[in-house]
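K.L.:
Now for the letters of each chain:
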Amino acid sequence: GENVEQHPSTLSVQEGDSAVIKCTYSDSASNYFPWYKQELGKRPQLIIDIRSNVGEKKDQRIAVTLNKTAKHFSLHITETQPEDSAVYFCAASKKSGGYQKVTFGTGTKLQVIP
Amino acid sequence: SQTIHQWPATLVQPVGSPLSLECTVEGTSNPNLYWYRQAAGRGLQLLFYSVGIGQISSEVPQNLSASRPQDRQFILSSKKLLLSDSGFYLCAWSVVQEAFFGQGTRLTVV
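Line by line, the protein sequences are chains B and F.
Throughout, our numbering is defined as the position within the first sequence, counted from one, plus 122.
Throughout, our numbering is defined as the position within the second sequence, counted from one, plus 631.
Think of the hints as simulated: they come from the structure by calculation, not from any bench.
Any given hint might turn out to be false.
[Unchecked claim] The calculated lysine-lysine pairs, modelled on DSBU-like cross-linking and capped at a C-alpha distance of 35 Å, are:
| hint | chain 1 | residue 1 | chain 2 | residue 2 |
| --- | --- | --- | --- | --- |
| 1 | F | Lys711 | B | Lys179 |
| 2 | B | Lys180 | B | Lys217 |
| 3 | B | Lys164 | F | Lys710 |
| 4 | F | Lys710 | B | Lys193 |
| 5 | B | Lys144 | F | Lys710 |
| 6 | B | Lys216 | F | Lys710 |
| 7 | F | Lys711 | B | Lys144 |
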């Protein structure tokens, strides 16, 4: 089955600096890669996603890149702010037996230091 | 627009007691429904998924069961809770590819 690895597990950056979180996946059939942000005690919220026919996608301070050949994708946050502090999950998804099988990474706890 | 409701938000239950968590989705038909568990400080583990009424698949063997009595209702149950069942339980739905989560239930088994 799919295996998603996510690094680093924790990340501390100074406010205004950039943060990069990296994920790798194993199943070449995965074709959809969402990123979720989970604030303490709350539900994960979808913040950005990328499909396998696209190499890069940007939404204001957040960008994702996908390298299908190497099977890795990354989340980039620029000009970080304290409210960016949260746990971020990557995921790899594919159609499997009639449903969308989503495999999550183990999460990265991002701390933005004011 | 679609919304997902999950309750209760928090629950403290003694070991050996039964469990029932409920999740309902509004604004969509025939969604894929999921139950995830998140242990403290850890990632999201898929417990069950359902592609339709009465269709339940389990990803991992465990002390829990799931049921889907209606198209937009998904229930997570246990006959006898264990200490290891403590965690943050999340219901989620998807139709195309994006998965959206309920608010979660923080279960503490004492």
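K.L.:
Hint by hint, where does the structure go against what was stated? Just the numbers, ascending.
P.N.:
The structure conflicts with hints 1, 4, 5 and 7, although it agrees with all the remaining ones.
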